[in-house]
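Enquirer: Chain residues, written in single-letter form:
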Amino acid sequence: MADGKPRSLSPGPGGRLGTLLDDAVWGLRAYGFIVAMWVRSTMAYRASFLIMLAANFATAGLDFAAIMIMFAQVDALGGFTLPEVAFLYGTSCVAFGLSDLLLGTAERVGRRVRDGTMDVLLTRPVPVLSQLAADRFALRRLGRVIQGSLVLGWSLTRLEVDWTPGRVALLASMVLCGAAIFGCLFVVGGAFQFWAQDASEVQNAFTYGGTTLLQYPPTVFGKDLVRGVTFVVPLAFVNWLPALRLLGRDDPLGLPDWLDLAAPAVALLCCAVTGLVWRAGLRAYRSTGS
Amino acid sequence: MDDADGAFIDVRDLTKTFTVRRRSGLLRRTATRVHAVDGISFVLRRGEMTGFIGPNGAGKSTTVKMLTGILTPTSGRLRVAGVDPWRERTRLVRRIGVVFGQRTTLWWDLPLRDSYGLVRRMYRIPRARFEENLARCVELLELGDLLDVPVRQLSLGQRMRGDITAALLHDPDVLYLDEPTIGLDIVSKARVRQFLLTLNAERGTTVLLTTHDLSDIEQLCERVVVIDHGRLMYDGPLAGLHEVGRGERTLVVDLERELPPIEGIPGARTVRTEGPRQWLAFPASASAAPLVSRLAAEYPLVDLSIREPDIEDVIARMYAG
Amino acid sequence: MHLLRLNFAVALSGFRRYATYRVATAAGVFTNTVFGFILAYTFIALWHTHPHLGGYDQSQALTFVWTGQALLAAAALMGGGFQDEFHERIRNGDVAIDLYRPIDLQLWWLASDLGRAAFQLLGRGVVPLAVGALAFDLALPASPRRWLLFLPSVLLAVVVSFALRYLFALCGFWLLDATGLNALSALLSLFFSGMLLPLTVFPGALGEVARLLPWSATLQVPADVLMGTQPGSAGAGLAFQAGWALVLLTAGRLLQTVATRKVVVQGG
Chain A
2 MADGKPRSLS PGPGGRLGTL LDDAVWGLRA YGFIVAMWVR STMAYRASFL
52 IMLAANFATA GLDFAAIMIM FAQVDALGGF TLPEVAFLYG TSCVAFGLSD
102 LLLGTAERVG RRVRDGTMDV LLTRPVPVLS QLAADRFALR RLGRVIQGSL
152 VLGWSLTRLE VDWTPGRVAL LASMVLCGAA IFGCLFVVGG AFQFWAQDAS
202 EVQNAFTYGG TTLLQYPPTV FGKDLVRGVT FVVPLAFVNW LPALRLLGRD
252 DPLGLPDWLD LAAPAVALLC CAVTGLVWRA GLRAYRSTGS
Chain B
9 MDDADGAFID VRDLTKTFTV RRRSGLLRRT ATRVHAVDGI SFVLRRGEMT
59 GFIGPNGAGK STTVKMLTGI LTPTSGRLRV AGVDPWRERT RLVRRIGVVF
109 GQRTTLWWDL PLRDSYGLVR RMYRIPRARF EENLARCVEL LELGDLLDVP
159 VRQLSLGQRM RGDITAALLH DPDVLYLDEP TIGLDIVSKA RVRQFLLTLN
209 AERGTTVLLT THDLSDIEQL CERVVVIDHG RLMYDGPLAG LHEVGRGERT
259 LVVDLERELP PIEGIPGART VRTEGPRQWL AFPASASAAP LVSRLAAEYP
309 LVDLSIREPD IEDVIARMYA G
Chain C
193 MHLLRLNFAV ALSGFRRYAT YRVATAAGVF TNTVFGFILA YTFIALWHTH
243 PHLGGYDQSQ ALTFVWTGQA LLAAAALMGG GFQDEFHERI RNGDVAIDLY
293 RPIDLQLWWL ASDLGRAAFQ LLGRGVVPLA VGALAFDLAL PASPRRWLLF
343 LPSVLLAVVV SFALRYLFAL CGFWLLDATG LNALSALLSL FFSGMLLPLT
393 VFPGALGEVA RLLPWSATLQ VPADVLMGTQ PGSAGAGLAF QAGWALVLLT
443 AGRLLQTVAT RKVVVQGG
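Chains as they are written, first to last, in this note's numbering: chain A, 2 to 291; chain B, 9 to 329; chain C, 193 to 460.
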C-alpha cells in the first residue's frame with residue numbers, strides 16, 4: 002500500500018514560494034507528457050494529420066490573401082507598404098499561432114463544466130490547467146505558425162531594416178512575449194467560463210479578433226481603439242509598439258519610447274494576473290459546482 | 009494517518025449550501041439558498057465497504073464531490089485518510105480512486121493502454137508496480153483483448169471495467185464508485201462485483217459506492233448510509249433499512265404570494281422556497297393538523313399537501329427491483 | 193398541407209433550440225460587433241486611399257461590412273449549423289433512423305436549418321447591424337421596397353448556404369472523418385462569399401469567377417440587393433440565387449440517393 006512517496010506538500014524550507022515552484026514544474030512536466038501522448042496518437046493517422054495541417058495553413062492564409070488583394074488595388078494602407086503590413090501580419094500570426102497551439106484548448110472550460118468532465122480533471126494529481134491545455138493537443142495548429150513564419154520571412158527580405166543584434170533580439174522577444182500575451186487571453190477566457198459557461202464566444206473577439214486587428218497598422222484604427230488595446234487589453238505590446246520601433250515609425254498615440262521595449266514586463270504582468278484569475282475561477286467552480 | 013478512533017473517512021456536520029438564481033420576471037432574479045447537504049456526519053473505518061444511497065437530488069453526489077476534493081464544503085469537518093480533501097486536493101487524489109458510472113475518466117480517443125500509460129505518469133507510479141497492478145486487473149477483469157481498443161469503441165460494461173482498472177493502478181486506499189453497475193448486463197455486473205470483493209479482501213481497500221441497485225449492496229456491503237434532502241436518514245446494517253422512512257415528512261405550502269421563508273412554527277422548519285411555494289419539514293411521528301391550523305392562521309394559504317419522505321419510494325423500488 | 197405543417201414544426205423546433213442559449217447569443221453578438229469594427233476601420237483606410245474601389249463608395253463599403261456581420265451566423269458563412277450534428281448521426285449510424293421520418297432527409301434538415309437561421313438573423317444579426325449604423329455612416333436604404341427585396345434574398349442566401357453545406361455533409365457517408373471536409377467548406381465559404389473582402393474588389397478573372405460561384409449568393413448578392421448595387425437589378429440577383437439554390441438542392445438530392453443506398457450503420 003506504499004504510495005510511491007509523493008513529494009512533500011507542506012511548506013518546507015523553501016516555504017510557499019518553493020511549493021509554488023514545485024507545482025509549476027510538475028504542471029509543466031505533466032503538460033509535456035500529455036502532449037507527447039496526443040502527438041503520438043495523432044501520428045498514427047498521418048494522412049489525416051497532413052490534410053488538417055494543410056487546411057489550417059490555408060485558413061490562416063486566407064487573411065493574407067485578402068491583404069494581397071487589397072494591395073493589388075492600393076500602394077499603401079494607413080501609410081504602410083505591403084512589406085510593412087506583411088511584417089505586422091507575420092508577427093501577429095506567429096505569436097497567435099504559437100499560443101493557439103500550446104494553450105488553445107484551455108477555452109473548453111464551459112463545455113467541460115456542462116458535461117461534467119471538469120470533475121474528472123479535479124480527481125487527478127495534476128494541475129487542472131495543465132490537463133486542460135494539453136488535452137487533445139492538435140499539432141495541426143502548427144499550420145498557422147508555418148504560414149505566419151513564411152509571410153514574416155518574406156517581409157524581412159523586403160524591409161530595409163539594419164539588423165543589429167539588438168533588433169534581432171527585439172524581434173524574437175516580440176514573438177515570444179506576444180505568444181505569452183495571447184496565451185493569457187486564452188486562459189482568462191477559459192476562466193471566465195467558470196462563471197458564464199455559454200459565453201465561450203466572447204473570447205474569440207479578443208483572441209481571433211486580436212490577431213486580426215494586429216495584422217493591420219495601428220494608424221488604420223481610431224485612437225480610442227488603439228488606447229484600449231494598449232492599456233486595457235495589452236494587445237499593442239504583441240507587435241504594434243515593438244514593430245513600430247523596428248520599422249522606425251512613430252506610434253499614433255505619441256507614447257514614450259521605453260514602452261516599445263516593455264513587452265516582456267507586460268507579458269509577465271499578464272501571466273501574474275492570469276494566474277490569479279484562473280485560480281479565482283477554479284475556486285468559484287469548486288464552491289458552486291455545476 | 010488514521011484518526012485515533014480508527015476513523016479513515018471522518019465526516020462531521022458537513023453542509024453544502026448553493027445559491028440558485030432564477031429569473032422571476034423580465035429583469036428580476038431571485039436567489040434561493042438550497043441546502044444540498046445539510047449537516048451529515050458519519051465515520052468509515054479502513055477496509056469497510058459501504059453503500060451510500062438516497063433518491064436523486066438527495067445530496068449523494070455533492071457529498072462524494074466533497075469527499076474527493078472537487079467541491080469545497082460550506083461548513084463542517086472532513087478528513088479522508090487524515091487529509092483535508094479540499095485544501096490538499098493533489099495530495100488526497102493520490103490516495104483515492106474515483107469511478108463515475110455515467111462518464112468515463114479515461115481519454116475517449118485513446119486506446120486503453122495509452123490511457124493507462126498517462127495514468128502511470130500522472131500518479132508517478134513506479135513501473136514495476138504499475139505493470140503488476142495492470143496485469144492483475146487485466147486478468148481479473150478480463151481486459152486482455154481490449155487494451156488496444158479506443159475507449160469510445162468499448163461497450164458500457166467493458167468501459168466500466170477499464171475505468172475501474174484506471175482508478176486502481178496507483179493503489180488507492182479508498183475507492184469511490186458512483187453507480188458502478190448502471191446499465192451493465194448480468195455477466196458484467198457479476199464480474200465487477202466479484203472483483204470488488206477480491207480487492208477489498210486482499211488489499212483492504214475502503215470502498216464507498218452509490219447505487220440504485222439493491223443487489224449491489226446486498227452482495228457487497230455490510231453497511232448502508234442513507235441520505236435524503238441532504239440529511240442523514242440511516243446508518244447501519246442493510247437489515248435495518250426499513251426503519252428509515254420514519255424520519256421526516258414534508259408539508260408543501262402554496263402561499264398567495266412570494267414571502268420570506270416561514271418561521272416560528274414549532275416543530276417545523278422551512279427547507280426550501282420557490283416563489284410562493286415553500287417546503288416545511290416536520291417529524292413523521294407528529295400530527296400535521298396543529299401545524300396546518302397554525303399556518304392557516306398566520307399565513308395566506310392557497311393550497312397545501314403532505315409528502316412522505318422520498319426515500320421510502322427509493323427503498324420500495326429497490327426491494328421491488 | 194400536412195407536410196407543410198410538419199416542416200413548419202421542424203423549423204420552429206430549430207428556432208427554439210437556438211433561442212434557449214441566451215448567453216451564447218449575447219456572446220456571439222459581442223464578437224460579431226468587435227469584428228465589424230475591426231473590418232470597418234480597415235475598409236475606411238482602404239477606401240480612403242482608393243475611393244470607389246470595387247464600385248462602392250465608403251459608406252457602401254461599410255454597409256457591406258455590417259451586412260456581412262449580420263448574416264455571418266444566419267447564413268452560416270463560417271460553416272456550422274446542422275453540419276456537425278448531421279456528421280455525428282452519420283458516424284454513429286442514427287442517420288438510418290432519420291430515413292424513416294415522414295419528411296425527406298434533405299427537407300428535414302433544410303427546415304431545421306431555416307429555423308436556426310431565422311433565430312440567428314434576429315438574435316445575432318439585428319444588433320450588430322444597428323450598432324454599425326449608429327457608429328458609422330451606412331448606406332442603408334430608406335425605401336421599404338429594398339428591404340422587402342432584401343428579405344427573400346437573405347432567405348435564398350440561407351438556402352444556398354444550406355445546399356452547399358449539405359453537399360459537403362453528405363460526403364461524410366464516404367469519409368468517416370469529416371473534420372477536414374468541414375474545414376474546407378468553411379474556408380471556401382469565408383473567402384468566396386465576400387466575408388473577408390467584397391468580391392467586387394477581387395481583381396480580374398479571379399473576381400469574375402468568384403462572382404459566378406454559388407458562395408457569392410450567400411453574402412455578395414444579398415448585400416448588393418440591399419444597397420441597390422446589384423448589376424442588372426435586384427431581380428437579376430434574386431434569380432441568380434434561386435438558380436443556384438435549385439441546382440445545388442437537386443445535386444444534393446441526387447447525391448443523397450446514392451449515399452443512402454450505402455448507409456453503413458456503424459456499431460459501437
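To be clear, the hints were calculated from the coordinates, so they are not data collected in a lab. No experiment lies behind these values; they were computed from the predicted model shown. Careful, some of the hints might be misleading.
Claimed, not checked - Distance windows between CB atoms, simulated:
1) LEU291(C) x TYR307(B): 52 to 60 angstroms
2) LEU291(C) x GLY33(A): 43 to 51 angstroms
3) ALA136(B) x LEU51(A): 37 to 45 angstroms
4) MET270(C) x MET69(A): 15 to 23 angstroms
5) ARG285(B) x ARG197(C): 52 to 60 angstroms
6) PHE34(A) x GLU150(B): 52 to 60 angstroms
7) ASP163(A) x THR98(B): 48 to 56 angstroms
8) ALA443(C) x GLN202(B): 53 to 61 angstroms
9) ALA73(A) x ALA443(C): 32 to 40 angstroms
10) PRO395(C) x ALA266(A): 24 to 32 angstroms
11) LEU160(A) x ARG137(B): 37 to 45 angstroms
As the list claims (entries may be wrong) - To spell it out: a stretch of chain C is covered by chain A in this simulated footprint if at least three of its residues, at any positions, have a beta carbon under 8 angstroms from a beta carbon of chain A; those stretches are:
12) 230-243
13) 370-384
Ideal Cβ placement from N, Cα and C applies to all residues, glycine included.
Enquirer: Run the structure past the numbered hints and jot down the numbers of the failing ones, going up.
Expert: 5, 6, 10, 11
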